[in-house]
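**Student:** Full structure from sequences and hints, please.
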Amino acid sequence: MPKKINKAEMIFGLGAIVLAITIFLIGQKTKLIFFRGTTPGAAFMPYLTAAGIGLCGFWLFFKQLLNMRQSKKDKTNDKKDNNTEENKIKFFKKQDIKNFIVVIVSSILIVILANPLGFLISLTLGIIAMAKFLGTPSWRTSILVGIGSGISFYLIFDLFLKVPLPRGLFGI
Amino acid sequence: MDLLHNLYLGFSILLDNPLAIMYAIVGVLAGVIIGALPGLGPSMGIAVLLPLTYGMQPVTGIIMLAGVYYGAMYGGSISAVLINTPGDSAAVMTTLDGYPLAVQGQAGKALGIAAYASVIGGTVCVVVFMLVAPIIANFAVAFGPAEYFSLMILGLTSIAGMTGKSPVKGFLSAFLGLFVATIGLDLVTGGQRYTLGAIQLFEGIDFIPVAMGLFGIAEIITVKNASSDINVDQSSIKIKNLFPNKQEWKYCAPHIFRGTILGFIIGLLPGAGATIAAFLSYDLAKRTSKRSDLFGKGAIEGVAAPECANNAASMGAMVPMFTLGIPGSGATAVMMGALMMFGLTPGPAFFRNNADFAWGLIASMYVGNVCLLILGILGLPIFIKVLKVKAPILNAVVMGFILIGSYSLNNSLFNVGLTIFFGALGYVMKKLEIPAAPMVLAIVLGAMTEKSLRQAMMLADGNIGTMLGKPIVIVVLLLALGLAFGTPIINAIKRARKSSSAKKADRQSDVARA
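In order, the protein sequences belong to chains A and B.
For the first sequence, the residue numbers in my numbering are 1 to 172.
For the second sequence, the residue numbers in my numbering are 1001 to 1514.
Simulated from the structure, these hints should not be mistaken for laboratory data.
Just so it is clear, the structure is predicted and the values come from calculations on it, not from any experiment.
Do not rely on the hints blindly, as some may be mistaken.
[Unchecked claim] Taking CB as the label site, the calculated pair distances span:
no.: 1; chain 1: A; residue 1: Phe34; chain 2: B; residue 2: Asn1353; range: 31 to 37 Å
no.: 2; chain 1: B; residue 1: Leu1187; chain 2: A; residue 2: Phe170; range: 42 to 48 Å
no.: 3; chain 1: A; residue 1: Leu155; chain 2: B; residue 2: Ala1198; range: 29 to 35 Å
no.: 4; chain 1: B; residue 1: Glu1203; chain 2: A; residue 2: Phe35; range: 22 to 28 Å
no.: 5; chain 1: A; residue 1: Phe170; chain 2: B; residue 2: Gly1417; range: 22 to 28 Å
no.: 6; chain 1: A; residue 1: Gly148; chain 2: B; residue 2: Met1458; range: 52 to 58 Å
Beta carbons: idealized from backbone N, C-alpha and C, even for Gly.
**Tutor:** Okay, structure coming up:
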């Protein structure tokens, strides 16, 4: 049976190798010292972890590379097997991508709007958007949930915990 | 006598501070609700509720978080029994017999025994915790930097090697965490490391945004919008139906006893955790039960065995955290981070230097377990209602809580940005089956690991051989290697044996044919 290929794992492995090299290069550029006499310097731990990240990344990358080669070999040996998609592991599911975009984009917008609108207002708007676009059928429910959460957060964080939240245009 | 005196001290601290008891109840209640929601586990619960403890006294804050921890361990069983979906991985085994019982109209009985078994497992283990923890702490008092470093390595390697499907991915996660922990000003020279000139990074990256992102946001993105239609026979969850009868107790008692001991021992091992404890306890119960044929079809002892073991394991996991400063799981890593946030450093000297705190916490565990029993039974109708709340609404509210919580840490929007970044990274890691717990643990332990390593190297004049040559260090490092690579090595040997025996059999059949 042909081995399954996980391209995402391969890319992550490659990313880990690039990160390891970057850690090393930044360390060199900022002149971090690896060893000072008999004492480990500021670069000692980062370089050790970079080596670990690089090795693990290489392992993930190399393993998938081998799987890819094996799969190609198996395919040429067995010409009947023309279903190439079957050997690939599907990384992204539609629902996950949608959730990812809704959650991350809404969160970023909350941060961007926190200063001009005020944190509580931007958070309330963000929660309404998230509730709606994550799958709540009605706008009414989403708005009620958002306003309810906003009031609860105000009571807990502003009044009870006295957290100085950014207040925007409306002073809330 | 000392023990009883200390316990008395703990209870008197607790009684002097009625707010602490109230927070224990709040923690247990919140924990049960979070644990009951599919996909949300104790690690996420503790990380998300951490901001609520910012203004509290340390003992009150930790009492609440401990309540969340063991509340969530029980909460997982509610959705496991009612909708055949475990609230967290530790409740997976509970579905096997819990759901069939619910289908047979005995949901109340299954939930009742889950609550009793959890409380018995938890309470018995608090007693054992009380007996064992000071002994381990006294033994570890003489540890130097090299021994500490080896202990940190034990914690990191075992959690990296034992969580997730591949040790390489676990180690990658741990290394990433160790790197994140090095960002900021250097401990010795005070120079900048990987801050890229950003002032916000001078103090380093706190573990809270990372834990909230990896455990919280990543879970929300990947959570299934599963239907939460619960068809429960309301009469089966009436209070009188939640009490198992004499015969059922007879079936369950030996399994609860064995599961509690097994769970505690497994909880002590860094990285092993409640899921493995529940799995092994179920397996042991199935093998030793006289009704083993009923397992998987609705055996009540099949619910009791994993439930007592996962709560026992959660207590066991607190022993290495408090006595050695090594958290054994994602949830205890977050708790340890919280302790450090309050200015307390877990380790051998913890019981001696913070006796009031430690014994107050132990006393609260007894109170918390009683609360768990009462709330677990009386609160069932509320928990069922919460389970009916649609996932999008719940996720949006939890996201709001995560974002405002991460802001409250330092009143900084930079932290909110970090939480979002780690949420996105956590999603990718989750999809690639790279466990998040080693990364969080590495961030919590990172600074201490580096400090111990550098001190030990200085004391050994830069000679690694001298540093690692101490007997305790050798034993601990060997244990770390065993825990990290034991399973893959055993699996490889098994595979090799299987293939060689298959080849032998082929050869023999060829010879026979010839």
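**Student:** Hints numbered earlier in the text: which of these fail when held up against the supplied structure?
**Tutor:** none
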